[in-house]
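Take a look at the letters that make up each chain.
Protein chains: 2
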Amino acid sequence: MSGFDKQLSRVSFLVSQKLDTILAVPDGPESWLFEAMRYTALSGGKGFRPFLCHAAASLFEVKEESSVRVAAAIECMHCYSLIHDDLPSMDNDAMRRGKPSLHIAYDEATAILAGDALQSLAFELLSDEATHDSPHVRVALVAGLAKAAGMHGMVGGQTIDMLSPGLTLDAGGLTRLQKMKTGALIAFAVDAGAILGGASNEQRHALAGYAHDVGLAFQIADDVLDVQGSQSKTGKTLGKDAAQEKVTFASLLGVTRAREQANLLVEQAVSHIDIFGPEADALQQAAEFVIGRDS
Amino acid sequence: MSGFDKQLSRVSFLVSQKLDTILAVPDGPESWLFEAMRYTALSGGKGFRPFLCHAAASLFEVKEESSVRVAAAIECMHCYSLIHDDLPSMDNDAMRRGKPSLHIAYDEATAILAGDALQSLAFELLSDEATHDSPHVRVALVAGLAKAAGMHGMVGGQTIDMLSPGLTLDAGGLTRLQKMKTGALIAFAVDAGAILGGASNEQRHALAGYAHDVGLAFQIADDVLDVQGSQSKTGKTLGKDAAQEKVTFASLLGVTRAREQANLLVEQAVSHIDIFGPEADALQQAAEFVIGRDS
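Residue numbers (numbering that gives the first Met the number 0), protein chains in the order written: chain Z, 0 to 294; chain F, 0 to 294.
Worth flagging that the hints you see were computed from the coordinates, not collected in a lab.
Heads up, some of the hints might be wrong.
In this list, chains with the same sequence are indistinguishable; a pair is considered to hold if it fits within one copy or across any two.
Cross-link-like lysine to aspartate or glutamate pairs, in silico, EDC-like; alpha carbons within 16 Å at most [stated by the list, open to error]:
1. 178 / 64
2. 146 / 127
3. 235 / 92
4. 232 / 64
5. 146 / 128
Taking the hints into account, I'd like the entire structure generated from these sequences.
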């Protein structure tokens, strides 16, 4: 295991530990809902978004209790989006993180409700005093996550993605879709670290540039994995984009040029955070991880 | 139109006006999502929850811009819950507010996404500076709404309701279900007015007692309407509870005793807010409206 993999695992472990406590299963019939939420939220995702938040916060010596709580909120939001995206009326995907999707393991109604509750939980976590002493910081986190998740962000992007087989998207249109669908939450994860740390405008701007490029590289790499990845390593159904006749960076640019583009974006991302010096090593490695991963 | 009906319509109009602005349809394919959100959020619900928030805030001379924004957030949250509850895998209800449910008028995927985005929008509205100058107040509103909406509130209650044909609920179990499913958001609507107004502990406690009783009376009246109401007036499918073999207050107590129970609760609710004197007339009328309504 590389040093970076160890760091990634460590943050993922801390976030899982936090969610394990918060999602302690109560007595009563609502235990069914909690079990379903745990099924996805504790299913051992890579924790890339939580890691970005934690690594950005580390630049500013934010207390780990704070950054782990915010990272956990981001993971809740991410998991809710996976659960709803996998539903039969959406991407209809029966497999996620190497096991049956939530609506297969439970049922559709439970999957809808578990996703809904994970979204609420994300905001509950951020607004709680335990996350940060300052209500300014807590409410800024809420505002940022709500925008990233909603109609101008993740859900807006998922809507365009759903409609995309009927649209003729060019590279500009596809980039905009991606920026909303996956980029917004990745950008928030990095910005959340900056908000927690009281970053200067210059620092926040540098991190935003980094996050933008990493987000786009992440999506391009995902599109390439959908064409060339291994189902057993990714733990999800591959070849979906082609089957659904979706325009992707791989279909638009070809796999070779898509890879080159992702590499360029990662170089560019890393140059944005030069101003932090070696303190930003974890963020640099995170950017490189995006294009090196096989899952 | 009675004085109360006029007040109810006025608040509902102000909330619709606010949502009409916020949900202005953008260019681009995401316009589809915005149209779907508008279909339900601007479909002319009674606006009972927004009214409660506005009336409670009025006790403390809160600026109307603030209370209308918070009322709009509550309406977003309520609309999202209606959209998801109506889905085929949940209550499978084709009719809502006198027109086809969103998943019928659009499709299931769009209904899931529109609900998801309305939940995010509720938190976006509350966290925005335009809602209140104080970040303390804004973050308290977010925390309250997140708890009311999530796994210990509305979604937890909807889960129990969904499981309830297989449960043997007694009056205590049913009351607990109701308190989560519909009571939590009603209680938050009233509490939000108190939070906006910087209410004292005594005032907040009195309002919480009022909201608890009104919420329960509301559900009992709804159960009675499901048995004895008019489909054309309620604008939704009736007789659902019996068809789905759900235990309700009407089935548990019989219609006559259920009505008596609701009347008692309304008397009790009104007595809780005695401390505000005639200033609380709007809240008193709101409580009486709950048992007098035919829709």
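These are the hints, each one checked on the structure:
For the homomeric pair residue 178 and residue 64, neither the shortest alpha-carbon distance inside one copy (29 Å) nor that between copies (33 Å) is at most 16 Å. Only between protomers do residue 146 and residue 127 lie at most 16 Å apart by alpha-carbon distance; the minimum there is 10 Å, versus 19 Å within a single protomer. Only within a single protomer do residue 235 and residue 92 lie at most 16 Å apart by alpha-carbon distance; the minimum there is 8 Å, versus 33 Å between protomers. In this assembly of identical chains, residue 232 and residue 64 lie within 16 Å of each other by CA distance neither inside one copy nor across copies; the values are 32 Å within and 53 Å between.
Taking CA atoms no more than 16 Å apart as the test, residue 146 paired with residue 128 passes between copies only; the shortest distance there is 14 Å, against 21 Å inside one copy.
Comparing the model with each numbered hint stated earlier shows that hints 1 and 4 do not hold.
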